[in-house]
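Below, each chain spelled out in residue letters.
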Amino acid sequence: MGRTLFSSLMLALTWLAWSGHFDARMLGFGGASVLVVLAITHRMERLSGMDHDPHVGPGILLYVPWLLWQIVKANVGMARILLAPRLLLSPQLLRVPTSQRSDTGRALYANSITLTPGTISLDLNNSSILVHALTLETAQALQDGEMDRRARRCEGRN
Amino acid sequence: MGAIDVLSWIALFGGAFFSILGAVGLLRMPDFWTRCHAAGVTDTLGAGLILLGLFFQAETALVAIKLAMILGFLLIAGPTAGHALYRAAHAHGVPFGPETEVLAANPATASPGSLEGEHGSD
Numbered sequence: 001m002g003r004t005l006f007s008s009l010m011l012a013l014t015w016l017a018w019s020g021h022f023d024a025r026m027l028g029f030g031g032a033s034v035l036v037v038l039a040i041t042h043r044m045e046r047l048s049g050m051d052h053d054p055h056v057g058p059g060i061l062l063y064v065p066w067l068l069w070q071i072v073k074a075n076v077g078m079a080r081i082l083l084a085p086r087l088l089l090s091p092q093l094l095r096v097p098t099s100q101r102s103d104t105g106r107a108l109y110a111n112s113i114t115l116t117p118g119t120i121s122l123d124l125n126n127s128s129i130l131v132h133a134l135t136l137e138t139a140q141a142l143q144d145g146e147m148d149r150r151a152r153r154c155e156g157r158n
Numbered sequence: 001m002g003a004i005d006v007l008s009w010i011a012l013f014g015g016a017f018f019s020i021l022g023a024v025g026l027l028r029m030p031d032f033w034t035r036c037h038a039a040g041v042t043d044t045l046g047a048g049l050i051l052l053g054l055f056f057q058a059e060t061a062l063v064a065i066k067l068a069m070i071l072g073f074l075l076i077a078g079p080t081a082g083h084a085l086y087r088a089a090h091a092h093g094v095p096f097g098p099e100t101e102v103l104a105a106n107p108a109t110a111s112p113g114s115l116e117g118e119h120g121s122d
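So the protein lines, in turn, are chains H and X. Each residue of the first sequence is one higher than the last, beginning at 1 in my numbering. Each residue of the second sequence is one higher than the last, beginning at 1 in my numbering.
Hints listed in this document are in silico derivations from the structure and should not be mistaken for laboratory results. Note that the structure is a prediction, hence the values are computed from the model and not measured. Every residue, glycine too, gets a C-beta built ideally from N, C-alpha and C. Don't take every hint at face value.
Only part of the chain H face toward chain X is listed, based on derived beta-carbon distances under 10 Å [as the list claims (entries may be wrong)]:
hint : residue
1    : S7
2    : L9
3    : M10
4    : V64
5    : P65
6    : A79
7    : S112
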């Protein structure tokens with residue numbers, strides 16, 4: 001119940017930040033949107049048996065800037081490959097182990113892999129992610145495990 | 001033209017450059033899986049730099065908040081949609097290019113054949 005109240009409050013604040021209109025009609029739309037989102041969320045949680053713990057701690061504040069920097073570097077690498085007169089590709093299929101303890105942590109890691117150009121995640125289970133890498137270098141960078149360790153440090157208590 | 005405008009232009013042109021680069025990659029890449037990588041360029045630095053350029057032009061905090069949130073949504077929705085596509089393609093056996101090397105991260109991945117056998121393992 002407290003959770004629902006908190007969600008409603010956050011959703012309402014988000015709506016206000018996006019709309020910036022405070023007349024009755026817009027506030028009405030906002031209230032209706034909050035109710036619809038809450039209803040859908042409850043339904044999803046009932047269907048998937050999802051727990052409520054977001055599993056992400058303050059470490060995410062360090063992780064996001066690091067990830068953005070990795071994305072910039074990976075894009076420069078992609079630019080080099082794509083603008084070369086001949087495409088020098090060495091596609092790799094590999095399975096990288098995951099050390100995260102929660103679904104959220106694994107999703108964060110898998111999403112980070114896809115977000116970094118040069119590697120995409122195809123499939124994941126509880127202990128590893130199947131990755132397609134465009135070149136041997138991007139595959140090796142991933143096998144270093146730095147992103148895995150950093151994603152793990154984002155996880156909160158559990 | 002102030003310094004902010006200059007930064008804004010640089011970011012906007014950078015974003016345009018990486019968006020076009022993603023399209024170039026999509027056309028140049030030889031097969032489905034390599035093309036997926038090119039799309040990531042447009043998704044991340046292409047969209048990111050364009051939003052950053054617009055961020056510099058934001059006249060009110062509200063506009064700036066909206067742009068920052070759009071970027072946040074893109075960075076979550078992009079790879080999620082991408083993963084849905086890649087997972088579906090993998091599950092339906094879209095073939096990997098002939099030069100694709102399979103690195104054995106564990107014994108179960110010794111050959112592409114055994115990888116194909118892992119469908120539905122979760």
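L9 (chain H) as an interface hint toward chain X, with CB separation required under 10 Å: violated (17 Å)
- prompt: Measuring from the C-beta of S112 (chain H) to each C-beta in chain X, is the shortest one below 10 Å?
  reply: Holds - the Cβ of S112 (chain H) comes within 10 Å of chain X, reaching about 8 Å at its closest.
- prompt: Hey, does the V64 (chain H) contact hint survive, CB to chain X under 10 Å?
  reply: holds (9 Å)
- prompt: Would the stated hint for M10 (chain H) survive a check requiring a Cβ distance to chain X of less than 10 Å?
  reply: violated (13 Å)
message: Interface hint check: S7 (chain H), Cβ to nearest Cβ on chain X, cutoff 10 Å. Holds or violated?
response: This hint is violated: S7 (chain H) lies away from chain X, its Cβ roughly 17 Å from the closest one there, beyond 10 Å.
Status of the A79 (chain H) interface restraint (C-beta, 10 Å, chain X): With a closest approach of 6 Å, the A79 (chain H) hint holds.
task: Hold the hint about P65 (chain H) up to the distance rule: shortest CB distance to chain X must be less than 10 Å.
output: violated (13 Å)
Going through the hint list in order, the structure does not satisfy hints 1, 2, 3 and 5.
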